[in-house]
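**Student:** Sequence:
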Amino acid sequence: MAAKIKKGDRVVVLTGKDKGRQGAVLKVLPKEDRVVVEGINMIQRHTRPTQTDPQGGIRSREAALHVSNVAIVDSKGKHAPRQRASVVVMACSNRKIL
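In this note's numbering, the protein residues as written are 1 to 98.
Treat the hints as calculated values from the structure; they're not laboratory data.
It should be emphasised that the depicted structure is a prediction, and the values quoted were computed from it without experimental measurement.
Among the hints, a few may not be true.
Quick list of in silico lysine-lysine cross-link-like pairs, BS3-like style, CA-CA up to 27 Å [to be verified]: (1) Lys78 / Lys4; (2) Lys17 / Lys4; (3) Lys78 / Lys6; (4) Lys31 / Lys6; (5) Lys7 / Lys19; (6) Lys31 / Lys4; (7) Lys6 / Lys17; (8) Lys7 / Lys17.
Go ahead and model the full structure; you've got the sequences and the hints to work with.
**Tutor:** Here is the structure:
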């Protein structure tokens, strides 16, 4: 699946426990068709003490979501659940959703 979502895009979650919440894309994993969204799908990891983190403990971080469960949000705050294949690149390097 060709993901039209890029790092830094603002997206809204369409399904799951975080449905309706918005966030910025931190990372795109194209081989797995997944994205990591800031503050969405938080999980807890139990870490052992290491030299860089001598205390260890329980850390919260974002887990990846499937690209089909998110949609890009336009500048007006409305999400675009379906996109056309064409993307217009403006002079200021912002992407416009058609």
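**Student:** Hint by hint, say whether it matches the structure.
**Tutor:** Evaluated hints:
no.	hint	result
1	Lys78 / Lys4	holds, 17 Å
2	Lys17 / Lys4	holds, 23 Å
3	Lys78 / Lys6	holds, 18 Å
4	Lys31 / Lys6	holds, 14 Å
5	Lys7 / Lys19	holds, 20 Å
6	Lys31 / Lys4	holds, 13 Å
7	Lys6 / Lys17	holds, 23 Å
8	Lys7 / Lys17	holds, 22 Å
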